[in-house]
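Based on the provided sequences and hints, a complete structural model is requested.
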Amino acid sequence: MGTRTGDESAFEAELQALVGQPVGRGGAARAPDPVNQPMIRHWTAAFADGNPVYVDPDAAARSRFGGIVAPPLMLQTWTMPTPTLDGIAERGGSPVEVEGETALSVLDRAGYRGTLATNSEFEILRYLRLGEVVSATTVFASISEEKRTRMGRGRFVTWVTTYTVEPDEVVGRQTFRILKFDPSDVAP
Amino acid sequence: MTPGLPGPAAAVVGDALPPLAIPMTATLIAAGAIATRDFMPVHHDRDYAAAQGAPDIFMNILSDTGYCSRFLTDWAGPDARITRLAIRLGVPVFPGHTLTYTGSVISVDVVDGERVVEVGFRAAGDLGDHVTGTASLTLPLPG
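Chains as they are written, first to last, in the working numbering: chain G, 7 to 194; chain B, 1010 to 1152.
Simulated from the structure, these hints should not be mistaken for laboratory data. What you are looking at is a predicted structure, and each value in this text was computed from that prediction instead of being measured. The reader is advised that the hints may include incorrect statements.
As the list claims (entries may be wrong) - With beta-carbon atoms standing in for the labels, derived distance ranges:
| id | chain 1 | residue 1 | chain 2 | residue 2 | range |
| --- | --- | --- | --- | --- | --- |
| 1 | B | 1115 | G | 124 | 18 to 26 Å |
| 2 | G | 124 | B | 1122 | 35 to 43 Å |
| 3 | G | 54 | B | 1097 | 23 to 31 Å |
| 4 | B | 1061 | G | 115 | 15 to 23 Å |
| 5 | B | 1122 | G | 28 | 37 to 45 Å |
| 6 | B | 1064 | G | 56 | 49 to 57 Å |
| 7 | B | 1151 | G | 62 | 21 to 29 Å |
| 8 | B | 1116 | G | 143 | 44 to 52 Å |
| 9 | G | 56 | B | 1123 | 21 to 29 Å |
| 10 | G | 19 | B | 1117 | 45 to 53 Å |
| 11 | B | 1115 | G | 145 | 50 to 58 Å |
| 12 | G | 15 | B | 1117 | 46 to 54 Å |
By construction, the Cβ of each residue, glycine as well, lies at the ideal position given by its N, Cα and C atoms.
Laid out in structure tokens, this is it:
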């Protein structure tokens, strides 16, 4: 589409109205399980991370943390949804059934059907302890004007996830940015 | 901590972190994806990845941040506290590639009784920069 003059400002307004709105439906995503040693051990094994404060109670007790802490970059892992694996390929990799429109459908309809993740930034306010239950709330932070990119015309979409431990202590934030681009518009 | 390289407690701007080279395999990619609870088939199903136009399965972003965290604390030790990690995503990493993390200290400060060290780093694979970024960590002051 590109320059549909009459609808341009309405479309822009529709996009900018998303800022501050939740990404996805429902409220906060609550971790299906509290921070726990088995998932931490699984994670440290996957990355061959030998930091003893994650798995060795004695070493952790001698450290500044005084006890076991979760790897800080596991923050996002705790609130990942429990997937329905049946049909996941047919759903394009979506871990759970998503019915109807998502906020990003607005961009898909405007031709920005491609998705490329570009940035992930974590702010870790404190490390998590065994037994804590994390929740995540994600809102749109910004949607850029249309840019020329090497993938074609596109818009950068940024959302911010705030991670809390019950009742409402903020323990970290994640800023995530994707490029939604028009795959039919090959850059010169 | 690697002998011969300056430790984090004495870090000065320009110090290099010990490089971390990871020969990437399908097992590591799938293990990282599942350990981070990312079940997208492009990270464990080669046929699915091929249907999406990729030559093989490729590493997920949560594994990227996992390896970044390991790269930082392999150097900084168990008393380091990571307070910020910002990465920019580049080209993908496929099985058979070697992913090599390198980095150096870009600032050192003392704030609220802690040493605050900022590190700039990159993780390069066979196709070029896979991840570039910066991170901040804090360490207790000695004594």
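Results for each hint:
Checking the proposed 18 to 26 Å range against residue 1115 of chain B and residue 124 of chain G shows it holds: the Cβ atoms sit about 22 Å from each other. Between residue 124 of chain G and residue 1122 of chain B the beta carbons are some 36 Å apart, a value that agrees with the proposed interval 35 to 43 Å. Between residue 54 of chain G and residue 1097 of chain B the Cβ separation comes to about 24 Å, which falls inside the hinted range of 23 to 31 Å. Distance hint check: the CB atoms of residue 1061 of chain B and residue 115 of chain G are about 22 Å apart, consistent with the given range 15 to 23 Å.
With their beta carbons about 39 Å apart, residue 1122 of chain B and residue 28 of chain G fall inside the hinted range of 37 to 45 Å. A hinted range of 49 to 57 Å is violated for the C-beta pair residue 1064 of chain B and residue 56 of chain G, which are about 32 Å apart. At about 23 Å, the CB distance of residue 1151 of chain B to residue 62 of chain G agrees with the hint of 21 to 29 Å. The hinted window of 44 to 52 Å between residue 1116 of chain B and residue 143 of chain G is violated, with their beta carbons roughly 32 Å apart.
A hinted range of 21 to 29 Å holds for the C-beta pair residue 56 of chain G and residue 1123 of chain B, which are about 23 Å apart. For the hinted restraint 45 to 53 Å between residue 19 of chain G and residue 1117 of chain B, the CB-CB distance of approximately 47 Å keeps it satisfied. A C-beta distance of roughly 31 Å is found between residue 1115 of chain B and residue 145 of chain G, which places it outside the suggested range of 50 to 58 Å. A C-beta distance of roughly 49 Å is found between residue 15 of chain G and residue 1117 of chain B, which places it inside the suggested range of 46 to 54 Å.
The structure shown violates the earlier hints numbered 6, 8 and 11.
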